[in-house]
Amino acid sequence: MFWASAFVAIRHLGEDFSPGALSLGRTLVGALCLGVVALASQGLPRPTGRQWVSLVTIGVLWFGVYNIALNAGERRVDAGTAAMLIQVSPVLVAVLAAVFLNERFTVYIGLGLALAFTGVGLISMSSSESSDHDVIGVLLCLVSAVVYSISLILQKPLVARLPAIHVTWLACTIGAIACLPFVGQLVEQTRDAPTSSVLWVVYLGVFPTAIAFTTYAYALQHMSASSLAITTYLVPPITIVMGLVFLDEAPPAMAYVGGVLALVGVAVARRKPKTVAQEVSPPA
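The sequence shown finishes on residue 284 if you use the numbering used here, and the numbering steps up by one all the way, no holes.
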């Protein structure tokens with residue numbers, strides 16, 4: 001729910017905050033909230049050198065590049081379309097796991113990848129035909145999906161050894177540091193923005209960032225990435241409904257077809273091939 005609302009909030013704030021300023025504001029608020037809770041509940045974190053490398057990479061990619069690319073993309077496409085595009089990430093996670101974690105690259109992954117990106121192609125076509133959508137926005141959202149997928153692969157071993165809130169806090173803080181070049185824009189745009197928009201930035205930092213990223217990391221500690229990815233199937237439909245209610249906008253008609261096809265691709269990629277034991281019927 002929080003992540004679905006983030007797509008709507010980002011779309012709403014596009015007129016008041018630039019992509020970099022919004023990313024910095026969101027991560028600063030999130031890092032502050034997470035730091036208070038992390039230090040009070042878990043004390044000081046003590047990552048190893050190798051863990052710091054992963055944390056820095058996640059911070060720069062997931063909390064920095066992801067947010068900036070998504071914020072920029074949502075200035076060009078609606079919230080529902082952006083949510084559907086981000087949802088191809090579970091297929092990318094499966095591919096990356098096969099390459100870097102020695103997981104098996106199955107026929108299902110290949111088929112799911114083809115279906116998912118066919119869906120992306122349909123979304124791109126619908127965007128190019130719409131007056132308020134464009135392909136650049138689609139590509140920016142895909143950049144966010146790619147860096148999200150890489151970050152998830154890196155995060156899985158981290159949360160097995162470090163508290164989820166420490167991982168989220170450190171990564172969010174690093175993301176905020178990476179976004180510091182936009183501090184001048186943030187100060188100027190915060191001064192000019194209405195109070196309601198500033199409060200929406202605070203909402204993004206507290207709920208979709210501090211709370212949602214921490215609960216996601218905690219869930220990742222206790223279940224597989226594949227199982228957890230299934231829960232994010234709910235994000236696009238929730239986002240579309242919220243977009244209709246709060247923004248009075250919806251994706252183009254063909255984008256729905258592409259979004260469904262992309263989700264089917266994700267589901268196919270997550271299927272596991274039957275083993276010989278499963279294929280042979282047990283004796284009566």
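Calculated from the structure, these hints are not laboratory results.
Do not rely on the hints blindly, as some may be mistaken.
SDA-like, lysine to any residue: derived pairs with alpha carbons at most 25 Å apart [stated by the list, open to error]:
#1 156 - 43
#2 156 - 36
#3 156 - 219
#4 156 - 53
#5 156 - 189
#6 156 - 223
#7 156 - 18
#8 156 - 16
#9 156 - 257
#10 156 - 95
#11 156 - 253
#12 156 - 143
#13 156 - 97
#14 156 - 244
#15 156 - 245
#16 156 - 108
#17 156 - 52
#18 156 - 14
#19 156 - 47
#20 156 - 46
#21 156 - 249
#22 156 - 35
#23 156 - 247
#24 156 - 1
#25 156 - 39
#26 156 - 146
#27 156 - 198
#28 156 - 246
#29 156 - 193
These are the hints, each one checked on the structure:
1. For a cut-off of 25 Å, the pair hint linking residue 156 to residue 43 stands: about 22 Å separates their Cα positions.
2. Restraint check: the Cα-Cα separation between residue 156 and residue 36 comes to about 24 Å, which is no more than 25 Å; the hinted pair holds.
3. Restraint check for residue 156 and residue 219: satisfied, since their Cα atoms lie roughly 10 Å apart, inside the 25 Å limit.
4. Among the hinted pairs, residue 156 with residue 53 is consistent with the structure: their alpha-carbon atoms are about 14 Å apart, no more than 25 Å.
5. About 36 Å separates the Cα atoms of residue 156 and residue 189, which puts this hinted pair outside 25 Å; it is violated.
6. Between residue 156 and residue 223 the CA atoms are separated by roughly 10 Å; this keeps the pair inside 25 Å, and the hint holds.
7. A distance of roughly 31 Å separates the Cα atoms of residue 156 and residue 18; the hinted pair therefore is violated under the 25 Å criterion.
8. Restraint check for residue 156 and residue 16: the C-alpha separation of about 35 Å exceeds 25 Å, so the hint is violated.
9. Proposed proximity of residue 156 and residue 257 is contradicted: the alpha carbons are some 32 Å apart, above 25 Å.
10. At roughly 15 Å between alpha-carbon atoms, residue 156 and residue 95 fall within 25 Å of each other, so this suggested pair holds.
11. Distance restraint check for residue 156 and residue 253: the Cα-Cα separation of roughly 36 Å exceeds the 25 Å cut-off, and the hinted pair is therefore not satisfied.
12. A hinted pair counts as satisfied when its Cα atoms are at most 25 Å apart, and residue 156 with residue 143 qualifies at roughly 20 Å.
13. Between residue 156 and residue 97, the direct Cα distance comes to roughly 11 Å. Compliance with the 25 Å bound is thereby established for this hinted pair.
14. Between residue 156 and residue 244, the direct Cα distance comes to roughly 35 Å. Violation of the 25 Å bound is thereby established for this hinted pair.
15. Annotation: proposed proximity of residue 156 to residue 245 is violated, straight-line Cα distance about 35 Å (limit 25 Å).
16. Distance hint between residue 156 and residue 108 is fulfilled; the C-alpha atoms sit about 22 Å from each other, no more than 25 Å.
17. A C-alpha spacing of about 14 Å is found between residue 156 and residue 52, which places the hinted pair at or below 25 Å, so the restraint holds.
18. Restraint check for residue 156 and residue 14: the C-alpha separation of about 32 Å exceeds 25 Å, so the hint is violated.
19. Restraint check for residue 156 and residue 47: satisfied, since their Cα atoms lie roughly 15 Å apart, inside the 25 Å limit.
20. A C-alpha spacing of about 17 Å is found between residue 156 and residue 46, which places the hinted pair at or below 25 Å, so the restraint holds.
21. Our distance criterion of 25 Å between C-alpha atoms is broken by residue 156 and residue 249, whose separation comes to about 36 Å.
22. For a cut-off of 25 Å, the pair hint linking residue 156 to residue 35 stands: about 21 Å separates their Cα positions.
23. Of the supplied pair hints, the one linking residue 156 and residue 247 is violated, its CA atoms being roughly 35 Å apart against a limit of 25 Å.
24. Annotation: proposed proximity of residue 156 to residue 1 holds, straight-line Cα distance about 22 Å (limit 25 Å).
25. With a CA separation close to 22 Å, the supplied pair residue 156 and residue 39 stays within the 25 Å bound.
26. Distance restraint check for residue 156 and residue 146: the Cα-Cα separation of roughly 16 Å lies within the 25 Å cut-off, and the hinted pair is therefore satisfied.
27. At roughly 33 Å between alpha-carbon atoms, residue 156 and residue 198 are farther apart than 25 Å, so this suggested pair is violated.
28. With a C-alpha separation of about 35 Å, the suggested pair residue 156 and residue 246 falls outside the 25 Å cut-off, and the hint is violated.
29. Of the pairs offered as hints, the one joining residue 156 and residue 193 is violated, with about 38 Å between alpha carbons and a cut-off of 25 Å exceeded.
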